[in-house]
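Listed here are the chains, written in short residue letters.
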Amino acid sequence: MLAPIAALINRSGPAWVIATSGAWFAFGAAVQLLRRVMTEGMIVYSLGGWVAPIGIEYRIDQLAAFVTLIVSAIAAVGVLYARTSVASEIEEDRHALFYAAFLLNVCGLLGIAITGDVFNVFVFLEISSLSAYSMIALGQDRRALTSAFQYLIMGSVGATFIVIGIGLLFVMTGTLGMADLAERIPAIWASGDGDRTIAVAFTFLTVGVTLKLALFPLHLWLPNAYTYAPSAVTGYMAATSTKVSIYLLLRFFFSVFGVEFSFEQMRLDAILMPLALVAILAMSSVAIYQSNVKRLLAFSSVAQIGYMILGISFGSVIGVAAGIIHLFNHALMKGALFMAMGCVMYRIGSVRIEDMKGLGKSMPWTMAAFVGGGLSMIGVPMTVGFVSKWYLLQAAIKGGNWLAAVVVVVGSLMALVYIWKVIEVAYFKRRENDDPIEEAPLSLLIPTWTLVAASFWFGIDAGTTSDVAMSAAESLLGMMQ
Amino acid sequence: MMSDPGMIVLLTVLLPVIGAGLVLLLRKNENAREAATLLTGALTFAHVLALLRLVRAGESPGLDILEVVPNVWLSFEVEPLGMVFALVAGFLWPVTSLYAIGYMRGHHEENQTRFFFFFAIAIAGAMGVAFSANLFTLFVFYEFLTFCTVPLVTHHQSDEAKKSGRIYLGILLTTSVGLQLVAIIWTWVLAGTLDFQAGGILAGTASAGILSAILVLYVYGVGKAALMPFHRWLPAAMVAPTPVSALLHAVAVVKAGVFTVLKISVYVFGVDLLQTLTTTTWLAWAAAVTIILGSLVAFRKDNLKARLAYSTISQLSYIVLGAMLANELGIIGGGMHIAMHAFGKITLFFAAGAIMVAAHEKKISRMHGLGRTMPITFGAFFVGSLSIIGLPPAGGAWSKWFLGMGTLEASQFGLLAVLMLSSLLGLYYLLEVPVKAFFFERPKDAHQQDGVHEAPTPSLIAMCITATATVGLFVWPDLFHELMQMVVSGGVR
Numbered sequence: 001m002l003a004p005i006a007a008l009i010n011r012s013g014p015a016w017v018i019a020t021s022g023a024w025f026a027f028g029a030a031v032q033l034l035r036r037v038m039t040e041g042m043i044v045y046s047l048g049g050w051v052a053p054i055g056i057e058y059r060i061d062q063l064a065a066f067v068t069l070i071v072s073a074i075a076a077v078g079v080l081y082a083r084t085s086v087a088s089e090i091e092e093d094r095h096a097l098f099y100a101a102f103l104l105n106v107c108g109l110l111g112i113a114i115t116g117d118v119f120n121v122f123v124f125l126e127i128s129s130l131s132a133y134s135m136i137a138l139g140q141d142r143r144a145l146t147s148a149f150q151y152l153i154m155g156s157v158g159a160t161f162i163v164i165g166i167g168l169l170f171v172m173t174g175t176l177g178m179a180d181l182a183e184r185i186p187a188i189w190a191s192g193d194g195d196r197t198i199a200v201a202f203t204f205l206t207v208g209v210t211l212k213l214a215l216f217p218l219h220l221w222l223p224n225a226y227t228y229a230p231s232a233v234t235g236y237m238a239a240t241s242t243k244v245s246i247y248l249l250l251r252f253f254f255s256v257f258g259v260e261f262s263f264e265q266m267r268l269d270a271i272l273m274p275l276a277l278v279a280i281l282a283m284s285s286v287a288i289y290q291s292n293v294k295r296l297l298a299f300s301s302v303a304q305i306g307y308m309i310l311g312i313s314f315g316s317v318i319g320v321a322a323g324i325i326h327l328f329n330h331a332l333m334k335g336a337l338f339m340a341m342g343c344v345m346y347r348i349g350s351v352r353i354e355d356m357k358g359l360g361k362s363m364p365w366t367m368a369a370f371v372g373g374g375l376s377m378i379g380v381p382m383t384v385g386f387v388s389k390w391y392l393l394q395a396a397i398k399g400g401n402w403l404a405a406v407v408v409v410v411g412s413l414m415a416l417v418y419i420w421k422v423i424e425v426a427y428f429k430r431r432e433n434d435d436p437i438e439e440a441p442l443s444l445l446i447p448t449w450t451l452v453a454a455s456f457w458f459g460i461d462a463g464t465t466s467d468v469a470m471s472a473a474e475s476l477l478g479m480m481q
Numbered sequence: 482m483m484s485d486p487g488m489i490v491l492l493t494v495l496l497p498v499i500g501a502g503l504v505l506l507l508r509k510n511e512n513a514r515e516a517a518t519l520l521t522g523a524l525t526f527a528h529v530l531a532l533l534r535l536v537r538a539g540e541s542p543g544l545d546i547l548e549v550v551p552n553v554w555l556s557f558e559v560e561p562l563g564m565v566f567a568l569v570a571g572f573l574w575p576v577t578s579l580y581a582i583g584y585m586r587g588h589h590e591e592n593q594t595r596f597f598f599f600f601a602i603a604i605a606g607a608m609g610v611a612f613s614a615n616l617f618t619l620f621v622f623y624e625f626l627t628f629c630t631v632p633l634v635t636h637h638q639s640d641e642a643k644k645s646g647r648i649y650l651g652i653l654l655t656t657s658v659g660l661q662l663v664a665i666i667w668t669w670v671l672a673g674t675l676d677f678q679a680g681g682i683l684a685g686t687a688s689a690g691i692l693s694a695i696l697v698l699y700v701y702g703v704g705k706a707a708l709m710p711f712h713r714w715l716p717a718a719m720v721a722p723t724p725v726s727a728l729l730h731a732v733a734v735v736k737a738g739v740f741t742v743l744k745i746s747v748y749v750f751g752v753d754l755l756q757t758l759t760t761t762t763w764l765a766w767a768a769a770v771t772i773i774l775g776s777l778v779a780f781r782k783d784n785l786k787a788r789l790a791y792s793t794i795s796q797l798s799y800i801v802l803g804a805m806l807a808n809e810l811g812i813i814g815g816g817m818h819i820a821m822h823a824f825g826k827i828t829l830f831f832a833a834g835a836i837m838v839a840a841h842e843k844k845i846s847r848m849h850g851l852g853r854t855m856p857i858t859f860g861a862f863f864v865g866s867l868s869i870i871g872l873p874p875a876g877g878a879w880s881k882w883f884l885g886m887g888t889l890e891a892s893q894f895g896l897l898a899v900l901m902l903s904s905l906l907g908l909y910y911l912l913e914v915p916v917k918a919f920f921f922e923r924p925k926d927a928h929q930q931d932g933v934h935e936a937p938t939p940s941l942i943a944m945c946i947t948a949t950a951t952v953g954l955f956v957w958p959d960l961f962h963e964l965m966q967m968v969v970s971g972g973v974r
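If you're matching them up, the sequences are chains P and W in order.
Counted from 1, the first sequence has number 126 at position 126 by our numbering; the numbering is strictly sequential.
So our numbering is basically just the index in the second sequence, starting at one, shifted up by 481.
Listed next, the in silico PhoX-like pairs over lysine-lysine satisfying Cα-Cα at most 25 Å (straight line):
| hint | chain 1 | residue 1 | chain 2 | residue 2 |
| --- | --- | --- | --- | --- |
| 1 | W | Lys782 | W | Lys843 |
| 2 | W | Lys917 | W | Lys844 |
| 3 | W | Lys644 | P | Lys421 |
| 4 | W | Lys844 | W | Lys644 |
| 5 | P | Lys361 | P | Lys421 |
| 6 | P | Lys429 | W | Lys644 |
| 7 | W | Lys644 | P | Lys357 |
| 8 | P | Lys361 | W | Lys643 |
| 9 | W | Lys844 | W | Lys643 |
| 10 | P | Lys429 | W | Lys643 |
| 11 | P | Lys429 | P | Lys357 |
| 12 | P | Lys421 | W | Lys643 |
| 13 | P | Lys421 | P | Lys357 |
| 14 | W | Lys782 | W | Lys917 |
| 15 | W | Lys844 | W | Lys782 |
| 16 | W | Lys644 | W | Lys843 |
| 17 | W | Lys644 | W | Lys782 |
| 18 | W | Lys643 | W | Lys782 |
| 19 | W | Lys917 | W | Lys843 |
| 20 | P | Lys361 | P | Lys429 |
| 21 | P | Lys361 | W | Lys509 |
These aren't lab readings, by the way, just hints derived from the structure by calculation.
Next comes chain W alone, as it looks inside the complex (with noise of 0.2 Å):
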């Protein structure tokens, strides 16, 4: 097994860790441990590229790297699903820290070599939650992805970090132990398997009563797809710094969540199963709710950090809703938001940070007339807005479409409304931010307006990119959209 391919698989996941290392050494200078931090970032996305010519021709490079416990392998298989995923926290790793080298120093934080060592470790569990092989490996890599983040969220070891602290390991720990891991092991009992195969394991092993509690298991199992009730941890993980919520918080940690959903759903479950199962069906009308209940809330939030973690919350239930669908263009439309919506969502964040950094201002209601001084940054979050709620010229339209195109095909008219409702809500939420920016003039008690300018360079490198990117995935959506067809024509194995 141990072919060429097999080894990039294991140096993409591997590099970040070795980052990870280099920063720890360099720990003493600031600009080499950066540097460390860039190049490894850089050369892991370079081995993402180099597995995506290998999955658009047909393979699925793999490798076994151990057996755990008899039968039951830690091993790598790449796969279009895990491709979408891969390309979308190896592209962006870099990109934020950029961003981060600019919110670190800009904010004045503390203990930045930790930051950037656990960093780096938290991107090498998620590419071992993409590229994994087996139900096993996902759980392993998914807990792995829980742990390393914890000092993130609690960077400021302050009260509030602590509380925070709690209930994200509290709530993440007590879905995967108390639900997903029983469901893991119910269905090795079951199938004797934990392979990932196209078209699924657990077809015909057991009767549909049981299959459908153990996928209410697994979707409420995966708590870091945040599906309401189990969504606390989101908000509370806000008090990170912001390339932290950026990254992880809208990219990494919570589309590990959806990708784990859409991943058992496909390749567990298989399409034609989900089909028969009662439970599908609520399970799509629980993503539902949760929809319209994170865009309330999200209408409700002042801070805007935390108005855009229930906008998250909201917009994850949206790939749920697609995976629970169980008809193609609701994978195909699942799979292209995990892409969509961390692009326009870690611009909002970068902006959201930007703010925070440039002008000191969180909440929304004192951001009036900033976009004077700070075009750029509410330029970006404009576009970023624009991709969440589903508009053009940004990339959300496309998946926002595939999704609406789902619910039709599954008859379910009811879902379709709420999608809309949702992005009308949306329009508001996030429009209202970049409208008061522009157009209302500064209060006279705000902090002094020729203080503020625009955020630190690399930041608004970092910003821009993802923001123009946002907008190319508009134009061209083509690379998610066939390796997502790759994966509902079950293109793998």
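For reference, chain P alone in the conformation it holds in the complex (with noise of 0.2 Å):
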């Protein structure tokens, strides 16, 4: 169930051969855990045979085992991807490092996802951490470095903040257990003894992880990590590590403080909101403004977080609904659209916009997957994107927001403007120079469709998703009522 971490052989090709079929076993897991959470309810594992408030438990509901699905299959797909892309990013002799710190990182986000002990959430969540560094360090431009570097800080500032926020709430309650943490909170909430020390430990939880994820204005490691990293490791992180970040505040919010705490008495709502909102709009606007597509993405990124902070933020069952399912969405759509520049970046060794002059016809199946996942991005009927903003909208609309309606709709249209923009240069400038320019090698192209595939068929069959989304939802408000 979690995965292995034994790739650390020095060959790139055995190494290579043991990350694919972790992740892929570690889908397939994942895909028999999703089915039978989601016709049995909650399963509790407990480690070791020891139960839970000495020993440390597993507990995945449908929200855990829709993530651990989630992290997987692009776990699954970016292996597959990575070979081609890494072999031409990186050195030979590094590959074997490379790979270990992918399953790391794999190994990291998953246990995260399905730990029940907030202790060990914070063990997952370095062991990801760290080996995403180093993944980010091992991108061929020397930035990669300054950017692998400023995001150690930055994420060790945020785990910092949240071991912080652990310690007081094991002083206060002397568990770390997450069931047992949301019986006794509100217990010594109510009592009025050792409330003060509950709130900074809400507070420094939400800075915490509001910085691993990346919400507007802690995004500040974003940009560069993707844009200097390599493709392989842009396209998989960008799909799967804010998105677990994302899943560990819903963790905190409703599970472990419960919904009631977090939205009527700490007013989550009122900060979440604005921030979302301005996330939306900021970071969408700076996006147009980028010449380094990754980079453009990279905010793009941040701004697509600022929806799924906006979908928790109504803290309604469809909104936080939506949140979950633009999490899955962004997640395919981003990963393919990181992918196809990964791509380009292995044939003409640049992701400028003003290099990918032409493309459009030297190499028609790269930027056709482009549009495929720039599509999903706008939000146009039969993606998945269009799901996302069918419940963002709803639950706007429902919650009587009208301003939030107005920038999810603002939004969309500035991706419009963002995607237009690549698409105008590949499409309608003509190469100066004549050098061939081939189209991406298959080894690359097919994991490409499978994300852009991926991407319109579950916006054609939304029903899947919003299932899980919507039962993962009410499992979350429900918890505490």
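Two chains, two frames, a set of hints: combine them into the complex.
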């Protein structure tokens, strides 16, 4: 069930084989897991046979299983993609290191999703973060090092905040299990003795987690990290790591503290909603002015994270469901877009917009994948982006929040602008020199198109995702009632 | 649900897609490629006719395809109003293809395969719009139509095409995502359904104020109806090759817009509800303003295609006006105008394209005397003009008749005056062209006289078909009238 971590072999080939089998095994397990959770409800597994307060417990509900599925699916596709991409972007002797870091990262992210113990969350978070720093640092560009360092600093600050929050909670409640915390916190809060400590813990956790998930204005590490990381890493990380942090946010707010505490006593919505709205507008407009497409997509990611947080900040079932749906949908489309850029990087060694002239003709499949992913970003019907928008707007209108509705709409029009900018250059400008550019190899195209196809498939048949998201949202909100 | 009629509906939408596939397969052989287009065009129209028989018998063939989001289906259902639109688009597609063959070859256009491919795909989109059974399906195909026409608009891939592509996408998507989608989701939240139902689904679900607001969102949100100030995309789209302007920007795309407005008025709001909303009258006046301003701008355009584009903007608002009159006559007139304007305007565009191919003239001021060498082309232009102005013996006379009656029924004499005034303006700005061509001498500095001859034969045939149909619709307008009568009498469901 957990990803095996045994790829410290020196050769590139075997390391890839192990990473691939690990990722696919995790994916298969995740599919089974989601099926079981949807039919049987929450699964509880005590690690090493020690029961909860003493041992560490894995608790897997619908949301956890869903996130597990997302992470492992993207990892499974990403690892296929990585083989060719990594071969061209990372030096041979570091390949094994890369795959080891990759597997560690998958392990960390999956661990966060399934654990029921807050300190265990921190441990897995550090595993995933440290491996992420090292993967980013493997980027070709020397700026990759500084951006990895920047991420390291910011990430560590976030992690420290989280561990302080967890520590405070432990002091007050004497437990680290999520279920126990959820039982004890309301009592302490109601007693009035130590309620301030709980509030402070809540604040530390909020800031720490929002830093990890790059909510505006704590997003500064993300654009650089995504831009300079190897293409395979960017595609994979954009689709997973911030998503898992959002999962963490949901976990803390809804499962541990409870919706009543988070939204009625701490007025979380009053903080999150403005930030989300500003994130959507500000980051989309920054994205419009980028000339490096990976950077453009990175800023767009920060904006899209705004959408997810916006959904969550409604605090209603449909809003939270919208957030969760977008979490899944965005993983698909952003993964596809970054992978398409990886193909471009592979062939022309650059992802600056002005270098992409005429690519519509010379790399038709790659650019078509970009257009496909782009349609989703804009939210064209029959793509996943539309499904997200559908639920977000419903949540906004049902909640009578007109400002949010307007921002969602404006945000998608801004997405049109930045996607169109790339399309225009690729399809309307002719190349200046005549060096023939070939289409990307199939080993890159197939994973890319898998994600593009998925982004259409789950846009046309959104029944499954919305069922899962709705039941996850219901159980999150129903837990404390 | 998988009954036989349902299959016909599905096939009608899918056939153009299959045709597009054939076009792509046969790209090596021009003649085979064009034959594929014409054949699928004819087949599609045959299917539309089969559906017509069912609809006239009072049936409403339909098909649920799949459930996209829980309780929201992608599904088709044919009703009389959709039938009007499908008939027009289905008939004019093969005719335009015929025309396009002459035009694209005569004009030596590049990337013809891509052109015919997206052309066919766009027709599939138009059919989908015509047959959609709920707002969601309508929106899906509406957006589909927007996207698959972009490669056609930007066909030349020049800087001008790029700029136009921006305006085209920008305006159409801003309105549809920014206004229409919000209105649709609002409707969903209020009514709990998106199905088109006779008598509407919104009545009694919210206060008049909110419903009025939703109506405004819808009418402006359908950017394809080109209600000012969201009309700029239509003149921009004129950089496309003329067959595109003819079929898509006089028929399929713009009619999809006004069709949507009519459909929403009849099946989402319902005429009774519309009458009680305050914004209905305002919107009727907004349409009136567009009618007059569109005509005035057309008046001042020297480029023939630009003039026709503004004339289209003006004429589209006739239909919006018809819907906003909120009475039976207005709806009938609006629906009939979809057909009448389509035949008239496509003839005009065909002629404009023929002049461009044969005489290389785009400006009206340089068309003096051309009528003597191109009598068929300018004759067709004359007939088309009559229909747009609303004079007998052309079909346009009937729809304007019903629209005029509708204004009287609603006691809106001001609107009647607007209709008259606009017709007078049309009389000038359209007839100027054949008058100059027939009654003036060719200036000395113009392109060499003997170099100019009639347009390529396929184009001429197409032009004659539509011009004849325009006259024919004056003599036999019964079919469209009957269908529209079914719409207002709630003959569906």
